[in-house]
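Chain A is already provided as a structure; the job is to place chain B on it using the hints.
Number of protein chains: 2
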Amino acid sequence: MILPSFIAVDWGTTRLRASLVGADGSVVATVGSDAGVQSVAAGGFPAALDAACRPWFDADPDLPVLMAGMVGSRNGWAEAPYAPCPAGAEEIAARLLALPGAGRRVSIVPGVDCRWADGAYDVMRGEETQALGTGVRDGLLALPGTHGKWIEMRDGRIARFATFVTGELFAAVSSSFVGRLAAEPHDDPAGAALAAGASKVPGGLTRALFQARARALAGDLPPAGVRPFLSRLMVEAEIAGALDLFGRPDAVHLVSGEPQRSIYRAALAERGLAVHDHDTPTVTLAGLKAIMRAAALGL
Amino acid sequence: MILPSFIAVDWGTTRLRASLVGADGSVVATVGSDAGVQSVAAGGFPAALDAACRPWFDADPDLPVLMAGMVGSRNGWAEAPYAPCPAGAEEIAARLLALPGAGRRVSIVPGVDCRWADGAYDVMRGEETQALGTGVRDGLLALPGTHGKWIEMRDGRIARFATFVTGELFAAVSSSFVGRLAAEPHDDPAGAALAAGASKVPGGLTRALFQARARALAGDLPPAGVRPFLSRLMVEAEIAGALDLFGRPDAVHLVSGEPQRSIYRAALAERGLAVHDHDTPTVTLAGLKAIMRAAALGL
Chain A
291 MILPSFIAVD
301 WGTTRLRASL
311 VGADGSVVAT
321 VGSDAGVQSV
331 AAGGFPAALD
341 AACRPWFDAD
351 PDLPVLMAGM
361 VGSRNGWAEA
371 PYAPCPAGAE
381 EIAARLLALP
391 GAGRRVSIVP
401 GVDCRWADGA
411 YDVMRGEETQ
421 ALGTGVRDGL
431 LALPGTHGKW
441 IEMRDGRIAR
451 FATFVTGELF
461 AAVSSSFVGR
471 LAAEPHDDPA
481 GAALAAGASK
491 VPGGLTRALF
501 QARARALAGD
511 LPPAGVRPFL
521 SRLMVEAEIA
531 GALDLFGRPD
541 AVHLVSGEPQ
551 RSIYRAALAE
561 RGLAVHDHDT
571 PTVTLAGLKA
581 IMRAAALGL
Chain B
291 MILPSFIAVD
301 WGTTRLRASL
311 VGADGSVVAT
321 VGSDAGVQSV
331 AAGGFPAALD
341 AACRPWFDAD
351 PDLPVLMAGM
361 VGSRNGWAEA
371 PYAPCPAGAE
381 EIAARLLALP
391 GAGRRVSIVP
401 GVDCRWADGA
411 YDVMRGEETQ
421 ALGTGVRDGL
431 LALPGTHGKW
441 IEMRDGRIAR
451 FATFVTGELF
461 AAVSSSFVGR
471 LAAEPHDDPA
481 GAALAAGASK
491 VPGGLTRALF
501 QARARALAGD
511 LPPAGVRPFL
521 SRLMVEAEIA
531 GALDLFGRPD
541 AVHLVSGEPQ
551 RSIYRAALAE
561 RGLAVHDHDT
571 PTVTLAGLKA
581 IMRAAALGL
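As you go down the protein sequences, you meet chains A and B in turn.
Residue numbers are given in my numbering: position 58 of the first sequence equals residue 348, and the series is strictly consecutive.
Residue numbers are given in my numbering: position 230 of the second sequence equals residue 520, and the series is strictly consecutive.
For the record, the hints were derived by calculation from the structure and aren't laboratory data.
Note that the Cβ used here is the ideal one computed from N, Cα and C, for glycine as well.
Please note that a few of the clues may not be correct.
Here are some of the chain B residues that sit facing chain A, going by a computed Cβ distance under 10 angstroms [as the list claims (entries may be wrong)]:
| no. | residue |
| --- | --- |
| 1 | V413 |
| 2 | W440 |
| 3 | T456 |
| 4 | T496 |
| 5 | R505 |
| 6 | E528 |
| 7 | L535 |
Some chain B residues well away from chain A (every beta-carbon gap over 10 angstroms; in silico) [said to hold, decoys possible]:
| no. | residue |
| --- | --- |
| 8 | D340 |
| 9 | L558 |
| 10 | E560 |
Bound conformation, chain A alone:
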């Protein structure tokens, strides 16, 4: 398999991570920094990339660069229009956004969008690369996060996907619902166990959230369990929603790190679902290599 040497960049909201990839696909070196998209001013992206990768550029000024993530958003280096579902490495490689003014061959991986038959619309940037990097040809992927994604793969392509605002909602309600308990430690696993049960009670999330208060008042839920309760409650709502949407699979491919991995594993296992773990940096790099390979073959 022919693969040009290139720089693989995962450039998200809060972090930049760049790897020098050799012609045989091996990683020669990796650098990371806090120069995420939100901390780079408009026009500052070429300099931020140079700052991260200067030694590699000095050694080979013609190294191509392939970047995925929020760097392709409206607030990033340049806005890369979404590729529509279904999208595999070929479709995405065909829509790479080249940045001609960068002084070298720099391209941005487009995000992917999805319009459901019922009108729902969805978008992602970065997760498409991770999904391709899992190597899953047919199956259901879960990528927990601020905006968690569930992605259905068919024939090695992203067939459809949905976003759940689990992390953002947890942050928004934590201050409101945990409130005066903030000074406590928040590690009592009894909270998560109680939430798993509460999520099965009819009435939906807005009822279940009040249980964090009412059951604390009743003495069912210790103060140190309120945060784990809220966290698990939202994870349960996400999983229930995703299985409702995609149907129940035999297994879920979980792309995450700790502590999400443990929380999701527990919640998925309790529903009798097998879990295959994928490490986020590993699949991101694998996805960038797959897209680079497709782009090189297409040239």
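Only chain B this time, still in chain A's reference frame:
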């Protein structure tokens, strides 16, 4: 019907409202103030009551006072233990909390609590009085709010009820999800219409919330519609949850004021449910009279 002259007090988190009720049940006068429970320091409740009702006390130092609402909470004048469901005027009157140090006959209406068979627990303070004041003997009541209550009445008693944190959740997510749109007007009814549809799409509330962003990005949802979208989405989640919990009634008794009344009426009507309107101050006063009558008969 014998009813002693008394002072009926609705003392909530943000407001105090007192009415002088005559022996024939008529309201002689009403006063209101911002001396809500959250703005009265511990120990300051007798003085706050005196300040509101002094002319009436001067005219008749022996007037009994009956108070409902958060004044009976841990942060109120004194904590009145909850009456358990099922609870009607008689059960509640039998558990009034007398305040002997007040210099006159002052009593607090207890809140009501409810333990569901599946472990869920619920509490209310003030809404029990409103529920009794509706005069509904058998039916389903909806009381929208920060902590909205749905109450099932059987034989004139509160049989069971559930809380939905619709208002608190809307406040918590508004700043997060509306964010940069805060400077816009937020009155486009297209937002509410889109939310009504989005709430029917599988995936639950954490998916539907993301639609506020994605469909704004797609151009389906104008910026001025994002807040109405979020508001209606949470109301739809509450109604769906409540009907799931209590079963579908022929009609819903809606206890509220504007703008909630219009929002809930629209959402309930779209589901083919008849709505009977009740005005909150009216049913609160009627509830206090019903409890006073039961207490007087019991003496």
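Now for the hints, and whether the structure bears them out:
1. V413: holds, 6 angstroms
2. W440: holds, 9 angstroms
3. T456: Given a least distance of 5 angstroms, the restraint on T456(B) holds.
4. T496: holds, 4 angstroms
5. R505: With a closest approach of 5 angstroms, the R505(B) hint holds.
6. E528: Check passed: Cβ of E528(B) comes within 5 angstroms of chain A, closer than 10 angstroms.
7. L535: Nearest chain A Cβ about 5 angstroms off; hint holds.
8. D340: holds, 30 angstroms
9. L558: Holds, because the least Cβ-Cβ distance between L558(B) and chain A comes to about 16 angstroms, which exceeds 10 angstroms.
10. E560: Holds, since 16 angstroms exceeds 10 angstroms.
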